[in-house]
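Q: Respectively, the protein sequence lines represent chains A and B.
Under our numbering, the first residue of the first sequence carries the number 904, and numbering increases by one thereafter.
Under our numbering, the first residue of the second sequence carries the number 163, and numbering increases by one thereafter.
Among the hints, a few may not be true.
In silico contact screen, one side only, chain B against chain A (beta carbon under 8 Å); selected entries [claimed, not checked]:
no., residue
1, 200
2, 205
3, 206
4, 212
5, 215
6, 216
7, 246
8, 250
9, 251
10, 262
11, 268
12, 270
13, 309
14, 310
Okay, the calculated bits of chain B under chain A, using three or more residues with CB under 8 Å as the criterion [what the hints assert, rightly or not]:
no., stretch
15, 273 to 283
16, 318 to 327
Source of the hints: derived by calculation from the structure; they are not laboratory data.
All residues carry an ideal CB built from backbone N, CA and C; glycine is no exception.
Residue-level listing of the chains:
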Amino acid sequence: MPRIIKQKIEFEGRIEEREVVIEGDDLPVWTAAEKFQVVGTPVPRVDGADRVGGTARFTADLYPHGLLHGAALRSPHAHARVARLDASKAERAPGVRLVLSSANAPKIPWYNGKSWLFDPELRFVGDEVAFVIADTLEQARDAVELIAVDYEALPHIVDTEAALAPDAVQVHADGRLLGGAPERYERGDLERGFREADVTVELHVETPDVLHHSMETHGSVADWTGESLVIWDSTQHIFGVRRQVAGALKIPLDHVRVVSPYMGGGFGSKNGAGKYTIVAAIASRRLGRPVKIMFTRAEESVAAGKRPRSVQRIRVGAKRDGALTALDYWGASNVGAYRNMGSPLSGPLKELYACPNVRSEVANVFTHTGPAAAFRAPGYLEGTVALDCAMEALADTLGMDPLALRLKNYAEADQVQGRAYSSKFLREAYERAAAAAGWSRRAPTSPSPVTGGGTRRGLGMASQLWGGSGSPPAYAEIRLNPDGTAQIRIGTQDIGTGAKTALTQIAAEVLTLPVDRVALALGDTDYPYSPLSAGSQTITSCGPAVRMAADEIRRHLLDAAASLLEAAPNDIRLEAGRLVVAGVPERGMTIAEITSRMNNFTITGRGFRGPNPDGVTIRTFGVQIAEVEVDLDTGEVSVLKIVACHDVGRVINPLQYASQIQGGVIQGLGVALREDHVTDPDSGSVLDLGFDAYAVPRSRMIPEIVSMAVDKPDPIANNLGAKGAGEPPIIPTPAAIANAVANAIGVRVTSLPITPAKVLRALGRIP
Amino acid sequence: MNPTNTTDTASAITLTVNGERTQIAVSPRRTLLAALREDLHLTGTKEGCGVGTCGACTVLVDGQAVLSCLVLAVQADGRAVETVEGLAREGVLHPIQQAFIREDAFQCGFCTPGQIMALRGLLRRNAHPSPEDVRRALDGNVCRCGAHLRVQAAALAVARAAEGAGGS
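Looking at chain B on its own, in the form it has when it is part of the complex (with noise of 0.2 Å):
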């Protein structure tokens, strides 16, 4: 037996991440975060609380955004989960990544991907969002360097653009 491990019994979960599957073992009281951070080393999702106050975290499962520090990995199982290294397709930024650099819409960058995989699923479920709209899907999405009218902005792009293009 391996001396590191603790009691904790790990068990086996299958994730579809990113479009792709895999399966992992996990102890029952690892998070969702740390299996993505350090199972799967997709390390683009950050803690930035860890008690789900700041949004740093956030994923989507089932196309829904969720705050991976407050999910268990145990409880994805067999469930879709969509990290922002999943959003750009054969090297093209997503449209809210590039509506970002354009925009600035970011400055240390660390609670940037959690900031666009909260859009990406306002985005789902609200395709044409209004200005207050989006200040409530990003008001649990701490900036400390204070990018919030820049990411509003951003999103608002995406929003029209999808709009010009007759939505998706």
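So that you can see chain A by itself, here it is in the shape it has in the complex (with noise of 0.2 Å):
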């Protein structure tokens, strides 16, 4: 029967009560001695033949017969409110079909209640005004533009400091910060922590606006037939696309099927449904006819969401021999027009290292800008920027050496909930990273800006600390089919991590099946639930589930086996695919063989996420060290080469870990040094649309990057002892770049991008 019990869990960085059901015992947990032969094997891409081959079917890729398309008509202002809207020329175009807007379409409440679906007052520039539905995308464009709208334009706030003032325009009539009032921590005595300092490091840091710029863009198709609707969805969270739909048209779950096999990239930022989710299922139901809407890449700069710059301010007192004392920090977050969660910039500051004297406070405010949403480890790689820069800054205060300042403040537990960890293998993270990057030959940071021309070097460091532990609920169903095949179904998604890949190589160990007899499917509501694929804990969530679902399967082998080869249960063992006789390997059968004699009866296995151990916390840990060249003359950085060593319990896939971890590298790389969304202070319109003028990261600016995992399975997280490794690695690739930087040049530039302006600014040689 199941239980309900309360649980606290964490999720990207904030931890909340949780009701858990229960529903029987956990497996117990893989240890470090157990033998695998799938599970932390490279096993290529299960899907790779159709990813690479045209043939994974994207919600872009879709066009279903009778299929319209939607166009949206944006703000073009960064407060307003819309005094008159005439759609009748725009009906009355060449195929258009439906204009909705807030003139006809149902009061939706949206963004948490603070707007609507259509909301008269529009809040930042790309804000939503309309949408037109036409037979083609070219006449719904063409539509959009026929809408006449009056404006009347509203004062407006864009800066994050301007918009903290007392008097500052503000965005929300309930108050300017998210929450009402910033978010404030404190542990032990902090004046006296400063008192008993022998030295003091003070930096003023700042991050930039990020756009997550994912390769699909954000869209949706809905298409009813009667009373069911089908949405396909661009998605991390399928289910989530469920509930939200269901619960903003008023009708029960079980008439909306929501379908994400595929998806091209979130980041973070399609955690959701969005407002053309629930327009195209309007749309729809209404026109009777499919509905696709789907962003152009312009609008993934406006309305996309993005991780929200920060202002930053740090100071750290140490004993001369580097022993921290205390830790005061204030950040503020610019989470634009609307959010609902707050960005835990502090999260790195209260945990990372031992410190007895932490006060902190962290102010979200609304501006007239787009709306932020999570964009991978949000918060934890802006604070991170600002306490591991500080460290590096105190080590060459003291100098001292900055692995050294490090470990001589190696946090042994979690200061904050004042509990153990489940595990914490960050030495050896640091031992192996200093090792393979040379860290030894790193020279002592000059104290002044360096002179002359050329070229200089630097190396520099920065750890990560992040939840993935993933949680409960999560399930998985496993069938056997006639000729031995296993197929598994869980509701998650494979947002390009891997999942699929690692969820089937688990199924397959337990089995002993090769992977190429185990068949997955995921990204359907039909299927069993599972979380949404964000804060690291895809492997952690489904994949203890799938490992049950397999090991029911394996119990009902044992018993079929035992019946068809005369002998007890207990003396029968699944190896290699076959079922023998403990002892008497020459009396066996293949699982083929037994489901073959089984006339369609189907083996079936059922798995769910059990309970997150009581009383620890679980972490993830880690390292990178950045090695870089900066140019004197030009002010140019080029990183050379990223080392990243980091503590992710067990690894299941070790060649999809290290692309995650190339691939956190890569987006930090373009935070360190390229990516900044520039929004226009005085209009508060976003400057930078697409890819033109929006610098991610490009082949040529990719160093040589090496992956390392500590590889240790965790002894109680869960079944697998594994930990979550999309967030990780790049939570310390700024910051380390930063610090890389620093020792290069003798001064430290942290504001973010470190421009080649920036360098040449620091170094005295532009105004």
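Quick one: dock chain against chain with the hints and give me the complex.
A: Here it is, written out as structure tokens:
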């Protein structure tokens, strides 16, 4: 019988108490002694042929019969009221079937009740005013131009610090800050900590707005049949989309099916339904035809979310031997016009290094700019720039090796919740990364900006701490076919991480089948529930459920074989796809021989994700070391090499693990050196539409990347001993690069991205 | 007259797509990308930006890699077009595709067909590219997941294999 317990669950840097349903006993954890055939091996992607063959079908690739297309009219103003909207000309345009706006759409709450699907008050450039649905996309776009709108412009605010001023224009009537007040944290006695300090270091840090720019833009295809709605969606969370759509349209969950077998990247920006999803569903119902709405690339720049810019101030106090005595922190995150979760900027500060006296304050401030969204390790990347740059600044001040400083302040336990970590192998990560990067070569940082021409090299380091524990609920089902092949169904998503392959490996391991005899289907709400693919939790949430489902199949096979082989089930072993009587290898039969004798009777297995262990904190840890070369004449920074070593528990697939590390490093490289989403401070207009003016990392700037893992299973986190790997590698990358630049040139650039102009300014070569 | 037609007049064009001659009627403003995806149902070629800044729509026209979002379908009239769907032979993936799988040269896979076709274009004009040649050829292909190094490794593996086989 299921029972419900309360459990503290960490997700994306926040801890919440959740009720968790426990159905029975979990399997024992795969310990370090376990021997594997498939788990831990570099199995190539099981869906590789489709992804390289052009046969993987993304939402963007759907053109069902009778398809209609939608396009949006977006606000040209940062803040305005729609005084009058006349769609009559657009409605008469060729091919137009419907124009939806506040005039004729149902009033559906949006942004957690702060707004509406069509809100007459527009709060950012790009806010949705209306959608046109037409026979062709060109017709829809042409007709958007024909909608006549009178905008009543209202005062707006764009800048982070200006928006914090008491007399600033407010975006929402109920306060300029998300949650009404800054998030505060304090432990110990900060004043005493600074009195005890021999040295203090202070930094002012800024990080930019960063756009996700997933290669497949945001979009949905909605298609009603009678009372049933099917939505194809480029999403990280099919069950979340289903819940939102059913809620918005006030229809039962079982009338909505959301499908997303392939999706072209999300990085946190596709964690739920968009307005386009709801509009496609409404339009499809009214018109009796399938409706598709996909963002243009330019729309990705204005209305698809962003990692919000931050302004941070940090002050660190330490003894002469490097022991931290005080950490004082203030950070502000410019979350745009709407956001329901604050940026956990102070997460690393509170926990990464041992320090008895800590105070932090984080303000999440609303402005009339595009809404922020989660972006791979939200808050932690930004917060790590402040913390780990301050640590290396402190090391330089003390004349200490930055690695020695970090080891001096190694946190053995979770200082925030006052409890042990389930496991922590950060020391091993430091050792291995330092050896691989040749850290001992690091020259002391010049105490003043270097002079002369030519190039200078530098080494810098940063650590990471992140959640990635995963949690219940997640479920999996497996069936064995008459030919002995296995089919897994699980309602998760593979957003490019290779989750499908890793989950297949887990089932293949338990069933002792080759990977190509196991087919895994995902991305469909007709399959068992799984959580959103975010928070580095897919393998750690879904993997244990898949293992349990496969284990149930294994036990049924033992029973079936026992009856056919005339032996006790306890004496049967499943080895290399064969069921054999222990000690009598010739008495046995293959899985296919058993299933072929069952006449379509189907062996099924069901698995669930067990609860997280009580009383411990589960974290990933890791370190990255950057080596850079700075051109003193041009100010250009080239990253030569990044060495990464992370403690993410057991690695299920080392090939894909290394791909995750590379991906995180490369995205972090963009934040460090290039990416800076530009909003005009006066008008609030977005000035870098598409890829033309927004500099995502390109092939020629990518350095050598060394991807290592400690690869020690966590003894209690979940039955796989795994922790998440998706977000950890982005976290320390910008801080490590910034530290390497400081080591190279003897002056610190703490405003990201580190552009040539900022380097030259820091060197005093330009005003 | 079909009321859904715009005022544009469709013209008939002939394309040889992946070795097969085909005739379609396209409006003057239809891109080769849209013709491939919507008229010929070859959705392997992706639209990443629609304005020639990301490389996701790369195909070969008469053997040369082009951005199909910047080519009008009528401009491709009479020409040979090769898309990602045309690479496999009798169910066997092309060596570039096999190398992509071996090297894990993609994550979400949305930019992958364009990357593969850009490389196909490179290897056709330069069977023995240097690492810098490869990086240069791929600089116009945006990959947001960060598979750049894997793609470069796959490209160089294919070039090396071709060298071992005496070139082709």
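Q: Look at each hint and say if it fits the structure.
A: Hints, verified against the model:
Annotation: interface hint on residue 200 (chain B) holds; nearest CB of chain A at approximately 6 Å, less than 8 Å. The closest approach between the C-beta of residue 205 (chain B) and any C-beta of chain A is roughly 4 Å, which is under the 8 Å cut-off, so the hint is satisfied. Because the closest C-beta pair between residue 206 (chain B) and chain A is about 2 Å apart, less than 8 Å, the hint holds. Interface hint status for residue 212 (chain B): upheld, as the beta-carbon distance to the closest one in chain A is roughly 6 Å, under 8 Å.
At a threshold of 8 Å, the smallest CB-CB gap from residue 215 (chain B) to chain A is about 4 Å, leaving the interface hint in force. For residue 216 (chain B), the interface hint holds, since its Cβ comes within 8 Å of a Cβ in chain A; the closest pair sits about 5 Å apart. At its closest, the beta carbon of residue 246 (chain B) sits 4 Å from a beta carbon of chain A; the interface hint therefore holds under the 8 Å criterion. Taken as an interface hint, residue 250 (chain B) checks out: its beta carbon lies about 6 Å from the nearest beta carbon of chain A, inside 8 Å.
Because the beta carbon of residue 251 (chain B) sits about 12 Å from the nearest beta carbon in chain A, more than 8 Å, this interface hint is broken. Residue-level restraint check for residue 262 (chain B) holds (minimum Cβ-Cβ distance to chain A is 5 Å; threshold 8 Å). Hint on residue 268 (chain B) holds. Least Cβ distance to chain A is approximately 6 Å, under the 8 Å limit. For residue 270 (chain B), the interface hint holds, the least distance from its beta-carbon to any beta-carbon of chain A being 3 Å, beneath 8 Å.
Taking 8 Å as the C-beta cut-off, the interface hint given for residue 309 (chain B) holds, the closest approach to chain A being about 7 Å. Because the beta carbon of residue 310 (chain B) sits about 5 Å from the nearest beta carbon in chain A, less than 8 Å, this interface hint is met. Coverage of the stretch 273 to 283 of chain B by chain A holds. Counting CB-CB distances below 8 Å, 4 residues qualify, and the rule asks for three or more. With 0 residues having a beta carbon nearer than 8 Å to a beta carbon of chain A, the stretch 318 to 327 of chain B misses the requirement of three or more and the stated coverage is violated.
Hint check: violations occur at hints 9 and 16; the rest are consistent with the structure.
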